[in-house]
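Chemist: Based on the provided sequences and hints, a complete structural model is requested.
So the chains spell out like this:
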Amino acid sequence: MTERTHPAVELSDEELMARVAARDAVAFELLYDRYAPVVLGVVVKIVGDRAVGEEVLQDTYWRIWSQAASYDPAKGPLRPWLFSIARRLALDVLRRQSVRPQPARDESEARRLELAPAPGDDVPTAVGDALAAAQLRGALDQLSAEQRRVLELAYFGGLTRQEIAQATGTPLGTVHTRARLGLQALRAKLGAPGNE
Amino acid sequence: MERNDRIEEELFPFYALDALTDEERAEVESYVAGNPAARARLDEAMSAVAEFVTAAPLTPDPAVKARLMARIEDEAVPQSPATPSPQPSPIGRGSATPSPQPSPTGRGSTRPSATGRGSASRGFSLRDFFFGRALGFAVLLLLLGGFGLWRLAQQSSALRAQVTELQSTTAALRATLEATQGENQVLRRELAARDETLAQLRQPGAITIAIGDATGEHPAAVGTLTMNPTTGQAALDVANLPPLHEGTTYQAWMIVGGVPVSAGTFAVDAAGQGHHVMPQATLGTFEAIGVSLEPSGGSEQPTPGKIVLLGGVTS
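Just so you know, the protein sequences line up as chains L and P, in that order. Quick note on numbering: the first sequence equals residues 19 to 214 in this note's numbering. Quick note on numbering: the second sequence equals residues 1024 to 1338 in this note's numbering.
For the record, the hints were derived by calculation from the structure and aren't laboratory data. A portion of the hints provided could be inaccurate.
Capping the alpha-carbon separation at 16 Å, the derived lysine to aspartate or glutamate pairs in EDC-like fashion look like this [what the hints assert, rightly or not]: (1) L/K93 / L/E32; (2) P/K1088 / L/D51; (3) P/K1088 / L/E73; (4) L/K93 / P/E1052; (5) L/K93 / P/E1188.
Modeler: Laid out in structure tokens, this is it:
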């Protein structure tokens, strides 16, 4: 069987974004399809509520549409920029609610969230989401619990490295080491053959 | 440029995690600004974080997308009434400048008509009067006749166009009929092949595994994988799947060691039924089987959020 991808899917993130900046709604829709599930996963993990997460998702993409011209590919890839917008909006919501983040500790709870279907979706997708995530889960398993906790507190909790050191009662140098080694482990695993 | 270990080892990870103060961020950005190698290492860290956060994707409610697209459409209306086509062109959003009207080229003088009738007086006889009337009548007849002929020619042309159109419609219908007959033959052959496969799979020792919709979105969607452990041949039968839209296909996946491996694409009929032969589905070589919705031709990996059916081979 010949495997090939749909032509539109072959556009790189940066090509899509250039089109979005040129007010191309079709490109925007494609960008939404490409990253909305991941963005929603990020914000729900931060705000802990699916309905609120979907509001943040909508705000995130509206901001992408409104401020597309501010994205500069020379300053880095699109995905971190996009996730950064979503994350900051989610943390803003969290701060307004005066609720501290609750990174998922219970694996079964995390799995339940992954599998929760979206209401009204025309194709059941939650199992597919979980399957796509399973690939990465292998990489995450390479992290120690301490490394993972540092990464989660920083990204999903919105804590600075000093705050993480304080919250975990760990020296700042150890926090640095855990973050650095954690990212190194991820890069090593994700860069390995068969994981592309 | 010299490598700054403090920035790279202490700040890079937290820059990528978006957890630095503004001052620290500025320090990192200043450091990588003139240092492409450091920029590349920072990008790697950012990509690793991006991967880290993609571990748990969730399918958004389709209403979110619908609201966004409606908002974009609303925005477009008042802002750019003169904006032309929504063609996905990366080229600037320049306003549609109306093309200047070409200046009238006829700068030439409109010459005054030089038909100056002389004021010469002439004699006007009765014969001249009748001759003039007859001539006028003849001209009128000629004009009416010409108009009639022109109308007839037009009607004739329209009729000829209709005949041509009917002929092409007939040809198209004939081609459709032939194509349908061809499809019929293909379907008959496929049916025969399917019967043959099923007969083989129904041999003693064949194993049947049910797969289904774990999400509850389409509880009627089901699939059955029938495997012949002796030959390694398997057939996947699905029913009640959502109908395919143009440019899409269903794709079967075997999950081998947690990694999806394509097992071919297939279509379903209007009732969502389909049949797909998987020649290399040896029992024990994969732990799960799935079906996803993909662009025509299939994908290298299942599209996140588009898996329809999933079932484990081992409990």
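Chemist: Hints first: check each against the structure and report whether it holds.
Modeler: Each hint, compared with the structure:
Taking the CA atoms of L/K93 and L/E32, the gap is about 12 Å. The hint holds against a cut of 16 Å. Among the hinted pairs, P/K1088 with L/D51 is consistent with the structure: their alpha-carbon atoms are about 9 Å apart, no more than 16 Å. Our distance criterion of 16 Å between C-alpha atoms is met by P/K1088 and L/E73, whose separation comes to about 11 Å. With a CA separation close to 9 Å, the supplied pair L/K93 and P/E1052 stays within the 16 Å bound.
Note on L/K93 and P/E1188: the hinted pairing is violated, with a Cα-Cα distance of about 59 Å set against a maximum of 16 Å.
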